[in-house]
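Asks: Chain by chain, the residues:
There are 2 protein chains.
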Amino acid sequence: MSFIATPSSMHFEQALPLQGGASIHHYELAYETYGELNAERSNAVLVCHALNASHHVAGVYADQPRSEGWWDNMIGPGKPVDTNRFFVIGVNNLGSCFGSTGPMHENPDTGRVYGADFPVVTVEDWVDAQARLLDRLGITRLAAVLGGSLGGMQALCWSLRHPERVAHAVVVASAPNLNAENIAFNEVARRAIVTDPDFHGGNFYDHGVVPRRGLRIARMIGHITYLSDDVMNKKFGRQLRDGLELKYSTQDIEFEIESYLRYQGDKFSDYFDANTYLLITRALDYFDPARAHAGNLTRALAASQAKYLLVSFSTDWRFAPARSREIVKSLLENQRRVSYAEIDAPHGHDAFLLDDPRYLGVMRSYFESIAKEIA
Amino acid sequence: MSFIATPSSMHFEQALPLQGGASIHHYELAYETYGELNAERSNAVLVCHALNASHHVAGVYADQPRSEGWWDNMIGPGKPVDTNRFFVIGVNNLGSCFGSTGPMHENPDTGRVYGADFPVVTVEDWVDAQARLLDRLGITRLAAVLGGSLGGMQALCWSLRHPERVAHAVVVASAPNLNAENIAFNEVARRAIVTDPDFHGGNFYDHGVVPRRGLRIARMIGHITYLSDDVMNKKFGRQLRDGLELKYSTQDIEFEIESYLRYQGDKFSDYFDANTYLLITRALDYFDPARAHAGNLTRALAASQAKYLLVSFSTDWRFAPARSREIVKSLLENQRRVSYAEIDAPHGHDAFLLDDPRYLGVMRSYFESIAKEIA
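Protein sequences, first through last, are from chains W and Y.
Taking my numbering, the leading residue of the first sequence gets 1, the next gets one more, and so forth.
Taking my numbering, the leading residue of the second sequence gets 376, the next gets one more, and so forth.
Bear in mind the hints are in silico, worked out from the structure with no lab data behind them.
Take the hints with a grain of salt, since some may be wrong.
Unchecked claim - A few chain W residues that face chain Y, going by a derived Cβ cut-off under 7 Å, partial list only:
1. L16
2. G20
3. N179
4. A180
5. E187
6. V188
7. D198
8. H200
9. I224
10. I257
11. V328
Remember, predicted model here, so these are calculated numbers, not experimental data.
The C-beta atom is built at its ideal place from N, Cα and C for all residues, glycine as well.
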């Protein structure tokens with residue numbers, strides 16, 4: 001049984017300038033905190049989320065026993081990131097569909113729902129918005145910033161954009177940028193959404209519809225890339241859904257894997273916002289700290305002052321270990337202190353959310369050492 | 376400059392019973408032949424095609440200088456499969472959209488276009504249809520049956536279904552069946568097509584439309600899986616299409632890889648039939664000779680009498696070398712004669728269509744040895 005989490009929201013009047021040239025004002029950030037901020041305000045840990053997650057990182061909501069946060073196995077009292085020692089903050093990013101201001105909300109400049117007009121947001125923009133939230137919470141410096149996948153990109157970005165505010169950056173199952181194949185999968189998912197007639201150029205809210213077909217396809221593609229080949233073969237293989245007889249049909253479900261993917265797609269299309277999907281995958285595409293340094297990651301990371309933990313998973317082909325090693329190498333070339341764990345796990349990219357004891361052990365040790373530093 | 380190829384077509388009155396229980400009659404098979412059948416009728420080579428290909432395997436059509444067949448680098452006078460020595464037959468499979476009877480043709484039982492009523496066809500059905508064509512051409516036994524990818528599955532199937540008719544089976548970049556990930560990608564592509572409102576349950580011909588959105592998505596997914604990560608990074612990387620400035624847009628093309636995929640998707644949707652896409656990917660899903668032997672491939676391959684050449688490519692993650700090795704292992708366990716070449720090529724699954732000199736060299740040597748056997 002997990003602890004009770006309580007969501008909060010903070011309003012920001014002042015315009016936040018965005019990388020793309022636009023700005024956003026009168027916006028809300030949904031967030032949660034777990035544990036207590038100590039008197040020195042030195043035990044704060046910020047958790048950044050990936051595509052399909054939110055500020056609800058750990059704990060359960062009152063009277064909703066099955067509402068565990070997405071990293072509840074990692075964060076909580078006595079857990080690897082121990083909320084008896086750390087003050088943990090989860091924040092929902094701008095453009096998301098889980099509470100912070102996003103494309104389904106009213107644009108204060110027009111009085112109408114943003115829809116397609118919601119500005120493109122980047123990892124840098126999210127980090128800046130998170131920094132303002134920390135300002136308001138009275139937190140100058142983070143004991144650690146932590147994230148997996150796209151969340152890891154935010155953790156890395158924090159250490160470059162606000163180096164004086166980050167003691168440790170923990171970057172899990174991430175990459176210094178997306179490669180061509182990653183962008184390609186994102187692009188196919190986006191095209192599926194955008195070409196769904198129910199998308200209406202992003203203004204589907206006005207039409208009372210949701211581009212469900214596109215969202216389903218996007219989620220199915222996503223799921224394939226989150227899982228390893230091995231785990232898919234073990235979990236589903238060529239197993240038929242209904243007994244042993246083939247149906248000989250191109251449209252009926254024949255194999256278990258088809259049933260699983262359709263189910264995941266249907267579920268996702270019930271709650272995820274299509275514009276959010278576009279925005280978040282685009283933020284992934286754009287993230288590339290080396291870009292401003294002619295592609296030289298080592299020069300890009302020279303700005304950092306943090307200590308790092310990098311973690312990758314052997315069967316993750318979406319953000320392969322080689323991509324984490326690029327970051328490790330560039331940090332070492334800058335004489336930064338970096339720990340790196342490559343976990344031999346079968347679960348593909350999804351491993352960063354799962355209960356691998358070696359993975360959780362590495363995280364526990366690292367956060368114990370941070371706790372000692374601030375004690 | 377290649378030689379001139381001339382397409383032919385053969386009509387079949389008699390019903391062909393299909394694995395799915397249905398049958399098809401009054402159908403056409405489009406085919407081409409290159410070279411001369413020798414007096415002993417012992418030099419025939421059948422080439423089986425994969426998803427997006429046809430009977431037009433080699434040569435060019437008269438007055439169409441850029442109309443090279445899909446395996447023109449492999450087959451022709453003086454080429455690895457030398458048409459000065461071999462009588463090569465290319466045949467378009469049932470259900471395809473390149474000349475043989477398919478879902479866009481009239482159903483003789485109803486007088487209306489087949490559409491969604493075209494029966495599901497399997498690799499076994501294609502092989503049986505090909506066998507009837509060979510009967511009509513007066514060819515009892517093949518010097519070799521040859522194919523890449525899905526074409527390789529047909530070559531393997533030939534050696535099991537008509538063992539007495541096959542001297543050599545050449546199986547390139549193929550697999551004994553699709554794994555869960557392969558089926559998953561096929562399923563997403565099919566869902567994209569089937570949920571396109573212009574699909575009309577497969578009867579879009581009656582509505583004068585084409586489910587272009589779905590076909591585009593299907594092709595984009597396909598293209599990602601045909602290429603290796605390496606080749607995508609080399610060819611496209613994170614290169615922007617328009618200069619150095621980002622546009623900060625979720626829908627405009629930003630990266631070269633997006634431009635490439637959209638172009639491929641558009642082109643494909645201009646000429647490929649949506650029902651054909653469903654049928655052919657389903658044939659891929661269903662192929663599994665071990666199925667009738669409780670998953671035991673060695674027992675499945677006990678029926679074969681042919682000699683084999685298997686070829687795989689190191690960076691092919693769609694039909695990985697490990698899958699070819701499964702076939703090799705099972706053939707060896709049956710004491711069959713098998714040669715196996717694992718080509719260290721950067722191009723992913725596409726490599727089987729490309730000009731890798733080691734690959735073409737292996738094929739040339741193997742076909743030279745076949746030519747000596749029949750000389």
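Asks: The hint names W:I257 as touching chain Y; please verify it with the least Cβ-Cβ distance against 7 Å.
Replies: At 5 Å from the nearest chain Y Cβ, W:I257 passes the 7 Å test, so the hint holds.
Asks: Given W:L16 as an interface hint, is its Cβ closer than 7 Å to any Cβ of chain Y?
Replies: For W:L16, the interface hint is violated, since the closest Cβ of chain Y sits about 15 Å away, which is over 7 Å.
Asks: Are W:V188 and chain Y close enough, Cβ to Cβ, to be under 7 Å, as the hint says?
Replies: holds, 4 Å
Asks: Does W:H200 pass the interface hint, meaning its C-beta sits closer than 7 Å to a C-beta of chain Y?
Replies: violated, 13 Å
Asks: Once the shortest beta carbon distance from W:D198 to chain Y is found, is it less than 7 Å?
Replies: At 9 Å from the nearest chain Y Cβ, W:D198 fails the 7 Å test, so the hint is violated.
Asks: Is the interface hint satisfied for W:N179? The criterion is a beta-carbon contact with chain Y at less than 7 Å.
Replies: With Cβ-Cβ at 5 Å, under 7 Å, it holds.
Asks: Under 7 Å, Cβ to Cβ, is where W:I224 needs to be relative to chain Y, so tell me if that hint holds or is violated.
Replies: holds, 5 Å
Asks: Min Cβ distance, W:G20 to chain Y: is it shorter than 7 Å?
Replies: At about 3 Å, which falls below the 7 Å cut-off, the nearest Cβ of chain Y leaves the hint on W:G20 intact, so it holds.
Asks: Double-check W:E187 for me: the hint is only fine if its C-beta lies closer than 7 Å to a C-beta in chain Y.
Replies: holds, 5 Å
Asks: Would you check whether W:V328 satisfies its interface hint, that is, whether its CB is within less than 7 Å of any CB in chain Y?
Replies: violated, 19 Å
Asks: Mind checking the CB of W:A180 against every CB in chain Y and telling me if the closest is under 7 Å?
Replies: W:A180 check passes; min Cβ-Cβ to chain Y is 4 Å, inside 7 Å.
The structure does not agree with the numbered hints 1, 7, 8 and 11 stated previously, though it agrees with the rest.
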